[in-house]
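2 protein chains.
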Amino acid sequence: MPLTANKETLQQIDSLLEARRESALEELAQMCAIPSVAAKGEGLEPCAELVAERMRARGLEARLLPVEGGPPVVFGEAAAERSDAPTILFYNHYDVQPAEPLELWDTPPFTLTRRDGKLFARGADDDKGHVVSRLLALEAIQEANGGKYPFHVKFLVEGEEEVGSPHLGPFVEKHRDLLSADACIWETGGQDEHGAPWLFCGMRGIAYFELSVKTIAYDAHSGVGGSILPNAAWRLVWALASLKDRNERVLLPGHYDKVREPSTRDLELLDKLPGDEDYLRKEFLLPGGQFLGGGQTTGLEFKRRALFEPTLTICGLDSGWQGKGAKTVLPSEAKAKMDFRLVPDQDPDEVHRALRSYLDAQGFTDIEINYLGGQRPARVDTEHPLVRLAAETAEQAYGKPAAIIPMVGGSGPMWWFTGFLGIPVTSPGISYPGVRVHAPNENIRINDFAQGTRHLAYLLARIHEAVHPA
Amino acid sequence: MPLTANKETLQQIDSLLEARRESALEELAQMCAIPSVAAKGEGLEPCAELVAERMRARGLEARLLPVEGGPPVVFGEAAAERSDAPTILFYNHYDVQPAEPLELWDTPPFTLTRRDGKLFARGADDDKGHVVSRLLALEAIQEANGGKYPFHVKFLVEGEEEVGSPHLGPFVEKHRDLLSADACIWETGGQDEHGAPWLFCGMRGIAYFELSVKTIAYDAHSGVGGSILPNAAWRLVWALASLKDRNERVLLPGHYDKVREPSTRDLELLDKLPGDEDYLRKEFLLPGGQFLGGGQTTGLEFKRRALFEPTLTICGLDSGWQGKGAKTVLPSEAKAKMDFRLVPDQDPDEVHRALRSYLDAQGFTDIEINYLGGQRPARVDTEHPLVRLAAETAEQAYGKPAAIIPMVGGSGPMWWFTGFLGIPVTSPGISYPGVRVHAPNENIRINDFAQGTRHLAYLLARIHEAVHPA
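Residue numbers (this note's numbering), protein chains in the order written: chain A, 1 to 470; chain B, 1 to 470.
Pulled out of the complex, with its shape left as it was, chain A reads as follows (with noise of 0.2 Å):
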């Protein structure tokens, strides 16, 4: 029986959440004091564990189910009372970023500490904190309705999230069955500096090379080499300038065909949000600077550009003498990062292919590409019943509307959720723009973890509403 959501059950969710908060920030306290940094490959069983424990206290079965080449995935399930309920699937992560530089943090990284209503430590918010804030939700959803989930439990926390979750693919791909669901909760969500909630609909997709090439057996001097042995900077450089041209148009053929330009409600949706125009402006831009597109980029059409246009940066570039003063050096290897961010519906191994079959028609068949990740760009309908209705519980739980965000700039592996699966997916959470995730000083706000978490419980009370069984 789906749970009633009216006001005596909000309100025992909201006495429920606040009667176990400091325990839950106790788990919190926990998890973060383990640093599983999937970076560096440590920690991440012991975490694993951890979450898989504290999932069972709240009546999942949880087990940590191998990766190939990877940390493993801890995977709970719970069935709800009734077998016709809707299946809600969770998706977070347990590793964290490193924390260096050491030096910049005030307090110890992996000691949660409680500062000016704030708690500080390496995965504070991301992504521990969204896990425990999942958990507790769900014990609160499961008290309210008696001791029993109003809906399937099934929740999915992998370990390697912050290194571009290479296995999650392959993972979701041989597990396909395990993961069916109705509906996503992802890992990440929460507030715009005005307080007002925002959910997002889509994220870009990415695929990130490095381009390297060798040209000689070793460095030779400028003046014996210049005319006579091949420099692998100016290969690189040629190279690289044949990739994108100085309007920002990436070049390689077809490399535009699939772009799915945004809907008209797409556009409306974005002419809503505030934006971060102002925020870049003053961030980033120096005295007499502009925005690319020849400073004419305001308003909406910065708001689309910055979200639904391809891009390709380059990241790094690397070759030869970069110390101090003058070496006369004629480099025989240099190295170049990129990352394309992808808009649907691009593919990311198909710019992978294309990329190649470019750079060897361009001459450049010695320039070498190590394929160092992709994700796909995921989309979720702005007016599906899921966004609708946690828009409507975001309002009740923040007293403030909530900004629908079609599509961020950033990238994850939203696809296999939304596309392989075909699950819509929301995004209710704890963060706030002052958040320094990745950063020295990650933190997160007690009041936002309490107004997140309600939000989710409040979404999960009324879920039945929105999304059915297949």
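It is worth saying that the hints were derived from the structure and are not from the lab.
Fair warning: there could be bad hints in the mix.
As the list claims (entries may be wrong) - Taking lysine to aspartate or glutamate pairs in the EDC-like style, the calculated list, with each CA pair at most 16 Å apart, reads:
hint, chain 1, residue 1, chain 2, residue 2
1, A, 324, B, 100
2, B, 282, A, 219
3, A, 154, A, 84
4, B, 324, A, 162
Place chain B on chain A using the hints.
Below, chain B without anything else, positioned relative to chain A:
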């Protein structure tokens, strides 16, 4: 009265050189014991003092002339027996390259160490070995001439050659009269891998630049800024790609206008040289690799291209993330180091101006240019009597015909002597191909020191045949 360079005189010179060689090498050991590293600004004045003292031991009046912004120039002079004798100017330097990486030295870099007929130390060849060779030759000539010099001696030893002689030009301009002379003995020279002495009659010029660009206040996340924020790495790549096409053609307007083609005589001389095509192929080319010019460049054309073509070499690239794996960063700054090698009659200052104008015209006003130093290209007439005499005496000293090299690929401050002062220059010396100049285990062969010094003494004994007071 000029010295009569008959058989007896040459035998006397030989005896003197042999008798004094060990004590000269002891002087070399003292000089090498002072780590006069220009790049670090260390040990320069003490080394200058020692050189002046060693000049005085040969009857030169020596003093340290101040150099604005740099270490002093050691300047020694001695008048000839007859005032109408020619004036011979020696150009050398007392500074050395840094010894690093120290762990690659088999013996301490600043302790002259004898092993297998060789002497190892930083500066053993470049240029302290040459300084001592010049002093020993002068000593022998003076003694063979009855204690008096048969020509006026001017001896300039600077302290910044290894950092591009940044203050030598202004110094020469300021002391134009003091430095007037009829011939100049260059700071280095030697023999090829077949033991044939070589004499070079030109050096390419150079213009070294650091390009840098800063587009935003700090590095941004590529997912946020990719299509909005200007990327420093892209700006740099596009600017560099605009400077040279894939056929190695420098695209600065007028860059080739002043290029003087090699003369028929230059090409004849080049054709006779063994050249380093095979050496460069063996050392540098990768399996299946080829030289620039599509693998068609060989023989005389190879030599012409290597020495008489202007070049533009990227020496280094530096931007953003260069570590392992993926980092989705949009770099705020990017830098490149690059050198133009110039042939007669190109001018590095003109290149500097053309570079700024061209980048501006291409829309790259944001690219900053730091001009790290320039040298003009220099030529000596390969038929000049000084060169012919140097070749003739080289054959006497080495027992092998000398190779006359119209131009070398490297650069140095030669134009100030050939061009500004208008003095013919030639290059006897003690080097050999295994000298490891600028590298760990720099060394000379004691036999080369003897042969090179004998060549210089023979040349000096007869130099009045080739040059005459203006």
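Verification of the hints:
Pair hint residue 324 of chain A plus residue 100 of chain B holds up; C-alpha atoms about 15 Å apart against a cutoff of 16 Å. Between residue 282 of chain B and residue 219 of chain A the alpha-carbon distance is near 14 Å, which keeps this suggested pair within the 16 Å criterion. A threshold of 16 Å between alpha carbons decides the hint, and for residue 154 of chain A with residue 84 of chain A the separation of about 15 Å falls inside it, so the pair holds. Restraint check: the Cα-Cα separation between residue 324 of chain B and residue 162 of chain A comes to about 15 Å, which is no more than 16 Å; the hinted pair holds.
Of the hints listed earlier, there is not a single one the structure fails to meet.
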